[in-house]
Structure formats: C-alpha cells, structure tokens
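Enquirer: Residue numbers (my numbering): 1 to 109.
Source of the hints: derived by calculation from the structure; they are not laboratory data.
Do not take every clue at face value.
List time: in silico DSBU-like cross-link candidates among lysine-lysine, alpha-carbon distance up to 30 Å [to be verified]:
#, residue 1, residue 2
1, Lys89, Lys25
2, Lys39, Lys18
3, Lys25, Lys47
4, Lys80, Lys25
5, Lys89, Lys39
6, Lys80, Lys18
7, Lys80, Lys39
8, Lys47, Lys80
9, Lys47, Lys89
10, Lys89, Lys18
11, Lys25, Lys39
12, Lys18, Lys47
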Amino acid sequence: MELTSQIQSIILLDSDDKSRSTAHKCIQYLWAGHIEVSKSIEEAQQKLSESDHLFNLFILSFSDFEDIDLASWLLGIGFKGQVVLMLDKGERAPSFIPCDLLKTCFPRR
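Hey, can you work out the whole structure from these sequences and the hints?
Expert: Written as structure tokens, this is what we have:
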C-alpha cells in the first residue's frame, strides 16, 4: 500500500496494545505526516467529532466494533474519508464493503 500526499492526517484505532504499537510503527514508516492514535472507540469518536479535524484516513481494528454497527457509526459521526480495516485472522469484512474494494494484505495475528 502506498500512502499518497492526498492524506492530510491519519487516525489509528486499536484497543490491543501490541497490534496498535506495531500498526503505528508501520504507518510511521510509510508516512511522515500527522498520526493520531486512539485506544478506544470513545476516544476516536471524540477526535473525529471535532469540527476542525483533518483526518481523512481512518485505520481501525474491526474487532473493536464487535458490539457496534460500523457502517452506522461512521455515518453517525459524519466521517468523510478512507477507511482501512485491520482484520484478525478468521474475521470477514463487513457486508457493506463492495468486494471490488477489498484488498487482502496479510493477517494481523
């Protein structure tokens, strides 16, 4: 994956300390711009709800949304940008994502 100059700011959400740290290091290697890291959905929601936020790439661990409908949540906060899902081994992408937009890289765990 190549991170282009169209990205203004990245927000990363993962409640697992080890995978969040690994993902953060990988993103820093690929892109030198602003990266905000969140440990919880509430923390990410607070940052994304700020009217002056510049986040247009949201990288999240899908397992953090077990009890929350991700599509409704994204619509509810009004996020307008790209979303990257980090799936655990054995997880399937949500049905609202068209198959032609899915790209499999490597399993996280």
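Enquirer: Each of the hints needs a verdict: does it hold here or not?
Expert: Hint check results:
1. Lys89 with Lys25: holds, 20 Å
2. Lys39 with Lys18: Roughly 11 Å separates the two Cα atoms, so the pair holds.
3. Lys25 with Lys47: holds, 21 Å
4. Lys80 with Lys25: Holds: lysine 80 and lysine 25 sit about 25 Å apart, inside 30 Å.
5. Lys89 with Lys39: This hinted pair holds, its Cα atoms lying about 20 Å apart.
6. Lys80 with Lys18: holds, 28 Å
7. Lys80 with Lys39: Holds, at about 21 Å.
8. Lys47 with Lys80: holds, 14 Å
9. Lys47 with Lys89: The given pair, whose Cα atoms are some 28 Å apart, holds under the 30 Å limit.
10. Lys89 with Lys18: holds, 15 Å
11. Lys25 with Lys39: The given pair, whose Cα atoms are some 15 Å apart, holds under the 30 Å limit.
12. Lys18 with Lys47: Roughly 22 Å separates the two Cα atoms, so the pair holds.
Checked against the numbered hints given earlier, this structure breaks none of them.
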